[in-house]
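With these hints in hand, go ahead and build the complete structure from the sequences.
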Amino acid sequence: MPSTELPMTGLLQEANRLMTVCNACRYCEGFCAVFPAMERRRVFSEGDLNYLANLCHGCQGCYYVCQYAPPHEFDVNVPKTFAGLRTETYARYAWPGFLSSAFQRNGLVVSLAIALGLALMIGLTFGMQNPEVIFGAHSGEGSFYRVVPYAAMVWPFGLVFLFSIAAMIIGGARFWKATAGKAGAKLSSAAVLGGVWDTLTLRNLGGGGGGCTYPEEKFSYARRIYHHFTFYGFMLCFAATSVATIYDHVFGWIAPYGFLSLPVVFGTLGGIGLFIGPAGLLWLKTKADPAPRVRDLVGMDVALLMLLFLISATGLALLVLRETGAMGTLLAIHLGFVLALFFVLPYSKMVHGIYRLLALIQDAAERRS
Amino acid sequence: MSETSDTYDVLVAGAGNAALCAAITARRAGARVLVLEVAPREFRGGNSRHVRNIRYAHKAATDYVTGAYPVEEYWEDLLRVTAAKTNEKLARMVLEKSEHAVDWIQEQGVRFQPPLTGTLGLARTNAFFFGGGKGMMNSYFATAEKLGIEFLYEAEVADLEISQGHWRSATVRHNGDERKISARSIVIAAGGYEANIEWLKEGWGERAENFLIRGTPHNKGRMLRVLLDEGAHPVSEADQCHAVPIDARSPQFDGGIATRVDCVIYSIVVNRNAKRFYDEGEDIWPKRYAIWGRLVGQQPGEIAYAIIDSKIPGLFMPTIFPAVEADTIEELAEKLELDPKALAKTLDAYNKSVQPGDFDSTQLDGCHTKSIKPPKTNWAQKIDKPPFYGYPLRPGITFTYLGVEVDEKARVLMGPQKKPADNIFAAGEVMAGNVLGQGYVGGLGMAIGVVFGRIAGEEAARRAIN
Numbered sequence: 001m002p003s004t005e006l007p008m009t010g011l012l013q014e015a016n017r018l019m020t021v022c023n024a025c026r027y028c029e030g031f032c033a034v035f036p037a038m039e040r041r042r043v044f045s046e047g048d049l050n051y052l053a054n055l056c057h058g059c060q061g062c063y064y065v066c067q068y069a070p071p072h073e074f075d076v077n078v079p080k081t082f083a084g085l086r087t088e089t090y091a092r093y094a095w096p097g098f099l100s101s102a103f104q105r106n107g108l109v110v111s112l113a114i115a116l117g118l119a120l121m122i123g124l125t126f127g128m129q130n131p132e133v134i135f136g137a138h139s140g141e142g143s144f145y146r147v148v149p150y151a152a153m154v155w156p157f158g159l160v161f162l163f164s165i166a167a168m169i170i171g172g173a174r175f176w177k178a179t180a181g182k183a184g185a186k187l188s189s190a191a192v193l194g195g196v197w198d199t200l201t202l203r204n205l206g207g208g209g210g211g212c213t214y215p216e217e218k219f220s221y222a223r224r225i226y227h228h229f230t231f232y233g234f235m236l237c238f239a240a241t242s243v244a245t246i247y248d249h250v251f252g253w254i255a256p257y258g259f260l261s262l263p264v265v266f267g268t269l270g271g272i273g274l275f276i277g278p279a280g281l282l283w284l285k286t287k288a289d290p291a292p293r294v295r296d297l298v299g300m301d302v303a304l305l306m307l308l309f310l311i312s313a314t315g316l317a318l319l320v321l322r323e324t325g326a327m328g329t330l331l332a333i334h335l336g337f338v339l340a341l342f343f344v345l346p347y348s349k350m351v352h353g354i355y356r357l358l359a360l361i362q363d364a365a366e367r368r369s
Numbered sequence: 001m002s003e004t005s006d007t008y009d010v011l012v013a014g015a016g017n018a019a020l021c022a023a024i025t026a027r028r029a030g031a032r033v034l035v036l037e038v039a040p041r042e043f044r045g046g047n048s049r050h051v052r053n054i055r056y057a058h059k060a061a062t063d064y065v066t067g068a069y070p071v072e073e074y075w076e077d078l079l080r081v082t083a084a085k086t087n088e089k090l091a092r093m094v095l096e097k098s099e100h101a102v103d104w105i106q107e108q109g110v111r112f113q114p115p116l117t118g119t120l121g122l123a124r125t126n127a128f129f130f131g132g133g134k135g136m137m138n139s140y141f142a143t144a145e146k147l148g149i150e151f152l153y154e155a156e157v158a159d160l161e162i163s164q165g166h167w168r169s170a171t172v173r174h175n176g177d178e179r180k181i182s183a184r185s186i187v188i189a190a191g192g193y194e195a196n197i198e199w200l201k202e203g204w205g206e207r208a209e210n211f212l213i214r215g216t217p218h219n220k221g222r223m224l225r226v227l228l229d230e231g232a233h234p235v236s237e238a239d240q241c242h243a244v245p246i247d248a249r250s251p252q253f254d255g256g257i258a259t260r261v262d263c264v265i266y267s268i269v270v271n272r273n274a275k276r277f278y279d280e281g282e283d284i285w286p287k288r289y290a291i292w293g294r295l296v297g298q299q300p301g302e303i304a305y306a307i308i309d310s311k312i313p314g315l316f317m318p319t320i321f322p323a324v325e326a327d328t329i330e331e332l333a334e335k336l337e338l339d340p341k342a343l344a345k346t347l348d349a350y351n352k353s354v355q356p357g358d359f360d361s362t363q364l365d366g367c368h369t370k371s372i373k374p375p376k377t378n379w380a381q382k383i384d385k386p387p388f389y390g391y392p393l394r395p396g397i398t399f400t401y402l403g404v405e406v407d408e409k410a411r412v413l414m415g416p417q418k419k420p421a422d423n424i425f426a427a428g429e430v431m432a433g434n435v436l437g438q439g440y441v442g443g444l445g446m447a448i449g450v451v452f453g454r455i456a457g458e459e460a461a462r463r464a465i466n
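Which chain is which? The protein sequence lines are E and V, in order.
If you read the first sequence in our numbering, its first letter stands for residue 1, the second for the next number, and so on.
If you read the second sequence in our numbering, its first letter stands for residue 1, the second for the next number, and so on.
Please keep in mind that the hints were generated in silico from the structure rather than gathered at the bench.
A couple of the hints might just be wrong.
Here are the simulated DSSO-like cross-link-like pairs (lysine-lysine), alpha carbons at most 30 angstroms apart as the crow flies [stated by the list, open to error]:
#, chain 1, residue 1, chain 2, residue 2
1, V, K341, V, K287
2, V, K287, E, K218
3, V, K345, V, K382
4, V, K97, V, K418
5, V, K89, V, K59
6, V, K370, V, K275
7, V, K345, V, K418
8, V, K352, V, K341
9, V, K341, E, K186
10, V, K335, V, K385
11, E, K285, V, K146
12, E, K287, V, K146
Far from chain E, some chain V residues (derived; all Cβ distances over 10 angstroms) [what the hints assert, rightly or not]:
#, residue
13, E42
14, L116
15, F130
16, G176
17, A258
18, K341
19, D384
20, I465
Positions of the beta carbon are idealized from the N, C-alpha and C atoms, including for glycine.
Here you go:
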């Protein structure tokens, strides 16, 4: 009741209004973690609202069953408001701060990063090698490095990757500091495991048993399944790269590796996942009901999905054509896309993973106290 | 005026729970069904959009209810709240059939969830719809559309052509056009008349001007009026309506569940003259919820104010509008536009009458007042710890009781002889007064809607196809 907060504005104010309506109704508490978390509070601080917004998976279940959804005068549209607020948190906690504007026109930013990544890798390749090498067919140990020299691969990628990981960790830490602990919840290993489990399973896209009302009013598991393809595809690709790094640096085994080697098996499966997943999510977007969504944010989602899709498509093509004359060009393009992803990790939709994970850990902690 | 030829077997007027149960049942029996809904698609579903659970008889606990609720106990609950103002034959039929009703509506795609937080009193007896009533209605509509039931939204049934208990056609206004639609039988499931302020005035006088309507603005009672004018036999009375105290700042229509104010039992409630008028602590809130709407409606200006202090927030459901807040009782009175001296006097007298006791918000705690009228018999503790909070209250009308009498086949009974109509069936709020003549038991309306909706659909289809 007594409010010590400064007056809120914009989306925060709207989110605060909605949570007040929702907390007086509570019909949606079976859908996901957001509503039980809301019920643990009577008033909502800025941190609370940013936390709830990032706890929201955008399944839209609460929108379609809402007796107060527009055109009702209470105008309750939680998924849309939270989607907007989430993006504000991405910008707000981004590090370094001046790069937070990347979230304003994120589709454009990601596209520019792709252009930059491609230019860099193609430029380096063509600048450092003569055309016969690039367009020639290579095979056997070290064939990749004959086209793109080892140093051109390791240094840009290593540096950009380390910077991006650091930026994401700092952003996550800032988010955690600003949002967690308000409900007096104690962090425990069980809570962390619970949050990780909810992240890995996307339990909250279960919609209480029937899936979510996405892309439209019908209940469906499509989004959860395609997201799993994307996430696990990405993780397998990441595993492939990690194993390959160990092969190279620890055992001195030089890429490319055989079709049945661990890096290639991981990379192939991951690539297929990262091909099907983003394609499916993009396809769902084309069918999605615009009402519970923010039109301005479509660019951010589409750009990242396109990038992931292009990475997997060129990666798979590289696997198939790696002993032909197309390998050199394909490798440069594939690496260009990957470099672009490394650039935008902390400044694209990729960050939702960090904030979602932290919000789910916070939720698990609150549920256990 | 255009004519629609006889392409339908069953016409359903209304699109709430009872209407959709009737439409789906008739369609499954092979009838061609058209549903006429006066609301636009976004607001379809009548007051069922706002419901949250159904009370049904069951023999054991399930995923959704915590224990058995035998038909006999259900019947005793009904008998008590209605003071026997019920048609026992129809009532028992509803209660018995309610047992299968929940299975049936699940077969139609409706989903349930464990009881909502803070609804402990209903956890054993009532099953909660997943996402509430609009979620339930979405499932019905999806199933109905899949079955090939046709819908016309923003279609107002203005009149019915009835002669000697036989219905011939409906005059329907749609898209600025007026046309006649005929079918072989009709199901009237178009709700009550709580959104018709003029009609409410017949029972309540000018007071009705200040009533807020919790549900759809479309329940104007057109179908009920036509049926009564055509000689249908009425049940229950025009001054009966279900009313609860809601925040006076709520919209005039469609505010639904979120506008309720649940702090009455921990408060003192004063009228416009800053005077108390009823024992706020008479019983636990769920048992008194439904009398306070009427009590507020009987006060001057049809308004009242619940006053609490800073000990109370947190003990009741959060409210949609913030409480009016002040550091002194006089300041609170000014903000609520009450006479500060009068409110201070009332509060002072109340505080002096409070007897020592152990306050316990979770049960009848016996904390009471002494030598004050009206007394407060539970949860009486001094209101003395600033800041003070106030909620303005008005009666929020949920539904009306006056309806048409029906038989066990849901046929509308016509004339003083109560002759069953040939092809006119009624279900839902328009006939709920047969079972619930007065009083209230939460979730019964949905049971009546499902049971009579299914009967009406089945009988209407039988009448149409044979």
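Could you tell me which of the numbered hints above are not met by this structure, giving the numbers in increasing order? 1, 2, 7, 9, 13, 14, 15 and 17
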